[in-house]
Amino acid sequence: MRVKVKGKPVALRGDEAVAEAMRQINPDVVAAYPITPQTEIVQTFGQFVANGQVDTEFVAVESEHASMSGCIGAAASGARAQTATSGPGLALMWEMLWVASGMRLPIVMHVVNRALSAPINITCDHNDSMGARDCGWVQLYAGTMQEAYDNAIQAVRIAEHPEVMLPVMSCMDGFILGHTFEPIEILPDETVKEFIGTYKPKHSLLDVEHPVTYGSVVFHECYYEYKRQQIAAMEKAADVVLQVGQEFGDLTGRYYGLIEGYELEDADFAIVAIGSIGGTIKKVINDLRGQGQKVGLLRLRCFRPFPAQEVAQALGNKRAVAVLDRSLSFGAQAHQLQMEVAYALLTHGPIPKMVNYVYGIGGRDLLPSEIEGVYRDLMEVAETGIVPPGVRYLSVRQ
Amino acid sequence: MQLKGWKDLAIGAVMLEPGSCLAYETGSWRTQRPILDLEKCAHCFICWIFCPESSIQVRGGKVTGIDLTYCKGCGICSAECPRQAIDMVMEATARKGAKDEG
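In order, the protein sequence lines correspond to chains Y and P.
Reminder that position 24 of the first sequence reads as 23 in numbering that gives the first Met the number 0, one-by-one numbering, no gaps.
Reminder that position 66 of the second sequence reads as 65 in numbering that gives the first Met the number 0, one-by-one numbering, no gaps.
The following block holds chain Y by itself, in its conformation from the complex (with noise of 0.2 Å):
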């Protein structure tokens, strides 16, 4: 389909990138706790409010708790609310992500993807949004930074979809994507707000002539009831995911989906990778293709819900698969993208050999030779049929 808009390249940050597309999406309500962790985002939107160029109720907040607790409050009350946070500051937020998702509030949150202390380190890798899989947010990574700026804008409309009303995380890395310019399309403003509209919300503790209760004790009668609401709602963000990435593709000739494939259709070795290191992957897969080794990339661009179906789809015809997590779970038998890896693949078939590969972790940058390196792996395990046990460790010093 021809492209209906074409943007206007600026050199950006992917911070200020996400900060543009707030300014253009021009929230309600943004309450954000503006020191470290925070990032650009918060500093640079927070000076397009104080230049009146937005119509925003800026709330600085004393803490994450207290910024995720005001996007709630504004929420309930129909506002359309945004905030961003980065490492440490979301794991402040953890008890509200759950009263967010539980309310069922569309609430958009920026995530600039660092590590948890300690000890204290404020790079790049995925335990924050990662510790928060489970709270019954949507999570987009990008891996680029247009993407960050192109999933802002889409993050309002998966959220706000009626059949949705979830949460959204949209999540990048830090440093390697907030911190550092890239050339950025950056749409129009008006076609930014004719794509997400004006938001209707159902219910609004302002309105008067109808009152509303939000956030009642519910014990063992109906708890449990309003929890597989949400699992339906998760289930039904796949689709929106999918409908507006079409959409979006259709006006700006970005598409997107919910898994990115690289090379990945007749590989025999694939990595399965969130976030920027797709990036150094494909140049990865450029240079090995160039040597007639059919390698290629899976990257995911949503986790959360996770698409099972789709991952299996693309893996399971695959000699061997490397999983690379960017993040850790002490003690389980491998790390999060793994384990959903590995389930859909059990679930929706056939298995092909998999190892799982830990990088990055506080920053730790992850060199193009170490990628062909795994990629060597996966011909060897092919090869001799032996998967090595345990998760192999990249780029930590023995």
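In short, the hints are calculated from the structure, not lab data.
Hints are not guaranteed to be accurate.
[Claimed, not checked] The calculated lysine-lysine pairs, modelled on DSS-like cross-linking and capped at a C-alpha distance of 27 Å, are:
{"hint": "1", "chain 1": "Y", "residue 1": "293", "chain 2": "Y", "residue 2": "281"}
{"hint": "2", "chain 1": "Y", "residue 1": "5", "chain 2": "Y", "residue 2": "281"}
{"hint": "3", "chain 1": "P", "residue 1": "71", "chain 2": "Y", "residue 2": "199"}
{"hint": "4", "chain 1": "P", "residue 1": "39", "chain 2": "P", "residue 2": "95"}
{"hint": "5", "chain 1": "P", "residue 1": "3", "chain 2": "P", "residue 2": "39"}
{"hint": "6", "chain 1": "Y", "residue 1": "352", "chain 2": "Y", "residue 2": "282"}
{"hint": "7", "chain 1": "Y", "residue 1": "201", "chain 2": "P", "residue 2": "61"}
{"hint": "8", "chain 1": "Y", "residue 1": "226", "chain 2": "Y", "residue 2": "199"}
{"hint": "9", "chain 1": "Y", "residue 1": "281", "chain 2": "Y", "residue 2": "7"}
{"hint": "10", "chain 1": "P", "residue 1": "61", "chain 2": "Y", "residue 2": "235"}
{"hint": "11", "chain 1": "P", "residue 1": "71", "chain 2": "P", "residue 2": "98"}
{"hint": "12", "chain 1": "Y", "residue 1": "192", "chain 2": "Y", "residue 2": "235"}
{"hint": "13", "chain 1": "Y", "residue 1": "226", "chain 2": "Y", "residue 2": "281"}
{"hint": "14", "chain 1": "Y", "residue 1": "293", "chain 2": "Y", "residue 2": "5"}
{"hint": "15", "chain 1": "Y", "residue 1": "201", "chain 2": "P", "residue 2": "6"}
{"hint": "16", "chain 1": "P", "residue 1": "3", "chain 2": "Y", "residue 2": "235"}
{"hint": "17", "chain 1": "Y", "residue 1": "226", "chain 2": "P", "residue 2": "3"}
{"hint": "18", "chain 1": "P", "residue 1": "71", "chain 2": "P", "residue 2": "61"}
{"hint": "19", "chain 1": "Y", "residue 1": "3", "chain 2": "Y", "residue 2": "192"}
{"hint": "20", "chain 1": "P", "residue 1": "61", "chain 2": "Y", "residue 2": "226"}
{"hint": "21", "chain 1": "Y", "residue 1": "352", "chain 2": "Y", "residue 2": "293"}
[Stated by the list, open to error] To spell it out: a stretch of chain Y is covered by chain P in this simulated footprint if at least three of its residues, at any positions, have a beta carbon under 8 Å from a beta carbon of chain P; those stretches are:
{"hint": "22", "region": "160–171"}
{"hint": "23", "region": "210–219"}
{"hint": "24", "region": "370–379"}
[Claimed, not checked] Using C-beta positions, here's what the derived DEER-type ranges look like:
{"hint": "25", "chain 1": "Y", "residue 1": "42", "chain 2": "P", "residue 2": "66", "range": "54 to 62 Å"}
{"hint": "26", "chain 1": "Y", "residue 1": "219", "chain 2": "P", "residue 2": "75", "range": "39 to 47 Å"}
{"hint": "27", "chain 1": "Y", "residue 1": "364", "chain 2": "P", "residue 2": "25", "range": "58 to 66 Å"}
Glycine included, C-beta positions come from ideal geometry on N, C-alpha and C.
Fit chain P to the supplied structure of chain Y, relying on the hints for placement.
Quick look at chain P alone, frame taken from chain Y:
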């Protein structure tokens, strides 16, 4: 009462009818029951102010009793009463007494 299935409940546990807590009879929580002695009561309304369940019954400017449908038996009324007009007794004992009398 027939409870609704998950597909029939309003999402997000939003309560669409105001005052729905009237249907929730918290009196079933009670392990101790307040016994009001109207002969000692000065109708000062301190218990009425403090009662977290609005269970102190009032008519014509006088305290008339305690609504046991909602009284959780917390004992705040008894603790606050300046004339010691409210005694807390074990619910089981109170029920047994009521049965014996009835």
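Each hint tested on the structure:
| no. | hint | result |
| --- | --- | --- |
| 1 | Y/293 - Y/281 | holds (13 Å) |
| 2 | Y/5 - Y/281 | holds (26 Å) |
| 3 | P/71 - Y/199 | violated (40 Å) |
| 4 | P/39 - P/95 | holds (24 Å) |
| 5 | P/3 - P/39 | violated (47 Å) |
| 6 | Y/352 - Y/282 | holds (24 Å) |
| 7 | Y/201 - P/61 | violated (44 Å) |
| 8 | Y/226 - Y/199 | holds (24 Å) |
| 9 | Y/281 - Y/7 | holds (26 Å) |
| 10 | P/61 - Y/235 | violated (57 Å) |
| 11 | P/71 - P/98 | holds (20 Å) |
| 12 | Y/192 - Y/235 | holds (24 Å) |
| 13 | Y/226 - Y/281 | violated (39 Å) |
| 14 | Y/293 - Y/5 | violated (35 Å) |
| 15 | Y/201 - P/6 | holds (17 Å) |
| 16 | P/3 - Y/235 | holds (22 Å) |
| 17 | Y/226 - P/3 | holds (14 Å) |
| 18 | P/71 - P/61 | holds (22 Å) |
| 19 | Y/3 - Y/192 | holds (15 Å) |
| 20 | P/61 - Y/226 | violated (46 Å) |
| 21 | Y/352 - Y/293 | holds (16 Å) |
| 22 | 160–171 | violated (count 1) |
| 23 | 210–219 | holds (count 7) |
| 24 | 370–379 | violated (count 0) |
| 25 | Y/42 - P/66: 54 to 62 Å | holds (55 Å) |
| 26 | Y/219 - P/75: 39 to 47 Å | violated (27 Å) |
| 27 | Y/364 - P/25: 58 to 66 Å | holds (59 Å) |
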